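Undergrad: Taken in sequence, the protein lines are chains A and B. Residue 209 in numbering that gives the first Met the number 0 sits at position 210 of the first sequence, with consecutive numbering throughout. Residue 151 in numbering that gives the first Met the number 0 sits at position 152 of the second sequence, with consecutive numbering throughout.
Hints in this document: simulated from the structure, not taken from any laboratory. Given the structure is predicted, the values throughout are model-derived calculations rather than measurements. Keep in mind that the hints are not guaranteed to be accurate.
[Unchecked claim] As a list, the in silico DSBU-like pairs of lysine-lysine whose alpha-carbon atoms are at most 35 Å apart:
id	chain 1	residue 1	chain 2	residue 2
1	A	K203	A	K333
2	A	K134	B	K129
3	A	K203	B	K65
4	B	K45	A	K308
5	A	K141	A	K333
6	A	K65	B	K65
7	A	K286	A	K483
8	A	K333	B	K65
9	B	K144	A	K65
10	B	K45	A	K186
11	B	K65	A	K134
12	B	K69	A	K182
13	B	K45	A	K182
14	A	K40	A	K526
15	B	K65	A	K194
16	A	K365	A	K526
17	B	K45	A	K141
18	B	K69	A	K292
19	A	K65	B	K45
20	A	K134	A	K37
21	A	K40	A	K194
22	A	K193	B	K65
23	A	K521	A	K483
24	A	K40	A	K432
25	A	K203	A	K308
26	B	K69	A	K286
27	B	K69	A	K141
28	B	K129	B	K144
29	A	K308	B	K65
30	B	K65	A	K286
31	A	K194	A	K338
32	A	K182	A	K193
33	B	K65	B	K129
34	B	K144	A	K308
35	A	K228	B	K65
36	A	K308	A	K432
37	B	K45	A	K292
[As the list claims (entries may be wrong)] Partial list, derived from the structure: chain A residues whose beta carbon lies under 7 Å from chain B:
id	residue
38	R121
39	S122
40	T180
A virtual CB, placed ideally from N, CA and C, is assigned to each residue, including glycine.
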Amino acid sequence: MQISGAQMVIEALIAEGVDTVFGYPGGAIMNVYDEIYKQDKFQHILNRHEQAAVHAAEGYAKASGKVGVAMITSGPGFTNAVTGLADAYMDSIPLVVISGQVPMTLIGTDAFQEIDAVGISRSCTKHNYLVTDAKDLPRILKEAFYIAASGRPGPVHVDIPKDVTAQIAEFNYDIDVDLETYKPHVKGNPRQIKKAIEAIAASKRPIFYLGGGIINANAAYEVRDLVHKTGIPAVETFMARGTLSHDDDLLIGMLGMHGSYAANMAMSETDMIIALGARFDDRVTGKLSEFAKNAEVVHVDIDPASISKLVNADYPIVGDVKNVVLNMLAQADKIDADKYESWRETINNFDELHPLTYHEDSERLKPQWVIQRVGQILGDDANISTDVGQHQMWTAQFYPFSRPRQFISSGGLGTMGFGFPAAIGVRAASPEKVSINFTGDGSILMNCQELMTAVEKKLPVINIILNNNFLGMVRQWQTLFYDKRHSETDLSVQPDFVKLSEAFGGIGYRVSTKEEFDAALKDAVEKGVVAFIEVLVERFENVMPMVPAGGSLFNMMLLEKKESK
Amino acid sequence: MNENARRVISVIVVNEASVLSRVTDLFSGRGYNITSLTVAPIPDSKYSRLTIVTSGSVRVMEQITKQLHKLIPVLRVYEHEDMVEKEMAMIKFPITENLSDINTLCEAYNGKIVNVGDNIVIAMVADEPKRIDNFLCAVKRYNPKEIVRSGAVALER
Ligand SMILES: Cc1ncc(C[n+]2csc(CCOP(=O)(O)OP(=O)(O)O)c2C)c(N)n1
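Let the sequences and hints guide you as you build the complete structure.
TA: And the structure:
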């Protein structure tokens, strides 16, 4: 079949089963947009900023487990999208991002809206392509989807010059991807797995260290089985929230900089870490030389480069987490769950000593209360995304997650402005759930133009703005480590968030009491429209516990005990 | 092993646009250092071989190797231990220097005078990098006007 490069893009997307594309048009990608206009196999969601288009594709990918697709134009369109690419790269999110480029004849001439897009995206994509001939397009698009989704997932960028989208060539998508140089190792060495099981069985205080790779690999339910069968307690990273259900007895909690006392102490006392799809991020380990000093390490990861990068693995296992966990499950009867009874008790004692909690002692609402309350009311019925800051950490700490892919947040890059567009993508992928975005008064302004996208496409995201009139997380560090010099973090001057939402056709609520909050949430959910719920919360609340950057996990700053009056 | 020992790695890559910058970006982006880099297509194949001389601890090398492996067009990466390694240098001397001395010296380092002009001669040597260092030291007294040195190439024994 002889068709144009632009038609090939459409045909390839349809063949890949893509049902939703996010994007923003412009000169260099117009040929492709012309073909989008003519088809009705997938919907196109017009975001109002390219960064948001990529974040929306990320949210879509994270909620659905499919490859997210975004489309943008050359030059400023592409540069706007870079933050999204970097975000997806850091969090291993499968995306295919297609950008227009100036015609081949103009490349290298500093033409209008020309930028070396593949040069820029090289360091923040899993792979990228500049297409120089339409006859290569079917192969490249097929490879792009394959590379994005396989192995350790990640964003793939395809840059297509305008004349290539106009060029006519043969299209045949019925081809096999044949990349001699790219063969992800999915199986996991059986001998090594057997040795790991024996080592675990011999350990006294083992712990599962669950990472976001489990969610990417759709392995959460297998991991649940393994945890229950072995009776070994588990900590979750920020990215792994929802792997175990919040009410699981064996879930100790989140570990790391804002992890719970019990999780961090358990990690410090363990003699056997079983790391599954986790990469020992510095926000998780604290000071490396003091991290889990007496522990042996079993490390399972699809990415060989993640293994032993920071912490030496005694039992390195390269493979797909799901595969490896299934293999481990088959041998799990070698592990005696009863043996860990006293270890589980020790951990429970840690938890009783310093439970994850907060004090309700101020005039204004506590942000933690708001998050817990949403959890009580909506629980499993909501998908939760967040922006970046204190509200993000409180969400990870206090929301009762009960399933994988319920929690969507920017972990690796920590991108303010991620939450709202991501929530739009989440809602597009998962319309049967309420889409909640917990955000801050700082973060929401970084992509608030997406109100228009959400309103236009009837994607009723409820943004709960925990308004502390501060760039709260930075303010917290200034309070604790810069002698309360709150340099440029005071956000006393603010827009009217209610009117802002209304100006775009959404609805807005400003609440300052529990009753008002409950009423607003109920109303927003019932109406099913795009909403801002601005909650006036305590301004000086800190996220606790906290391991100061570079400190040791077992040296946490803790919530001060409340004196009984 | 020495924390910052000199290492030689070979990387076999698919010949395609920008593959070289993918490799070098990986080094610069992670703060690794490249001492020298030699690239040429492998005859009768769709691959090229890069010979990279770098330095770093065992741990750093392991990361470099793994990260290189992650690049899609990279077929193989190996660190050389038992290898034959050669480097080349070309030197321009004034014709007024003692040419037979220079020629004799070059011969000791697998080389000779390869070009004679009106005012200058050009000599060339090919030897192990360490010995090239020595050679360049030794020819200083003949007032070399220009020196160019290639990166290393290496083959596992
Ligand atoms: C794009 C971007 N710029 C700056 C930062 C640094 N940063 C991290 S948290 C934070 C404050 C966020 O404030 P807000 O959204 O109001 O949330 P809060 O911490 O108050 O809950 C800032 C500025 C960032 N993570 N991302």
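Undergrad: Give a verdict on every hint.
TA: Hint check:
1. K203(A) - K333(A): 14 Å, holds
2. K134(A) - K129(B): Violated - the C-alpha atoms of K129(B) and K134(A) are around 49 Å apart, more than 35 Å.
3. K203(A) - K65(B): Holds, at about 33 Å.
4. K45(B) - K308(A): Answer holds: K45(B) to K308(A) is near 32 Å, not above 35 Å.
5. K141(A) - K333(A): Roughly 43 Å separates the two Cα atoms, so the pair is violated.
6. K65(A) - K65(B): Given that 35 Å is the threshold and the Cα spacing comes to 27 Å, the pair holds.
7. K286(A) - K483(A): Measuring from Cα to Cα gives roughly 25 Å; hence the hint holds.
8. K333(A) - K65(B): 33 Å, holds
9. K144(B) - K65(A): Not OK: K144(B) and K65(A) at ~63 Å, beyond 35 Å, violated.
10. K45(B) - K186(A): 29 Å, holds
11. K65(B) - K134(A): Answer holds: K65(B) to K134(A) is near 33 Å, not above 35 Å.
12. K69(B) - K182(A): The hint holds at about 10 Å.
13. K45(B) - K182(A): 18 Å, holds
14. K40(A) - K526(A): Holds - the C-alpha atoms of K526(A) and K40(A) are around 29 Å apart, at most 35 Å.
15. K65(B) - K194(A): 23 Å, holds
16. K365(A) - K526(A): Status holds; Cα separation ~26 Å.
17. K45(B) - K141(A): Holds - the C-alpha atoms of K141(A) and K45(B) are around 21 Å apart, at most 35 Å.
18. K69(B) - K292(A): 30 Å, holds
19. K65(A) - K45(B): 33 Å, holds
20. K134(A) - K37(A): 22 Å, holds
21. K40(A) - K194(A): The given pair, whose Cα atoms are some 50 Å apart, is violated under the 35 Å limit.
22. K193(A) - K65(B): Answer holds: K193(A) to K65(B) is near 24 Å, not above 35 Å.
23. K521(A) - K483(A): Cα-Cα ~38 Å, so violated.
24. K40(A) - K432(A): 24 Å, holds
25. K203(A) - K308(A): 26 Å, holds
26. K69(B) - K286(A): 28 Å, holds
27. K69(B) - K141(A): Within the cut-off at roughly 19 Å; holds.
28. K129(B) - K144(B): Holds - the C-alpha atoms of K144(B) and K129(B) are around 21 Å apart, at most 35 Å.
29. K308(A) - K65(B): Given that 35 Å is the threshold and the Cα spacing comes to 10 Å, the pair holds.
30. K65(B) - K286(A): 24 Å, holds
31. K194(A) - K338(A): Since the Cα atoms of K194(A) and K338(A) sit roughly 19 Å apart, the hinted pair holds (cutoff 35 Å).
32. K182(A) - K193(A): 24 Å, holds
33. K65(B) - K129(B): 28 Å, holds
34. K144(B) - K308(A): Violated - the C-alpha atoms of K308(A) and K144(B) are around 47 Å apart, more than 35 Å.
35. K228(A) - K65(B): 34 Å, holds
36. K308(A) - K432(A): 38 Å, violated
37. K45(B) - K292(A): 48 Å, violated
38. R121: 6 Å, holds
39. S122: This hint holds: S122(A) lies near chain B, its Cβ roughly 5 Å from the closest one there, short of 7 Å.
40. T180: With Cβ-Cβ at 5 Å, under 7 Å, it holds.
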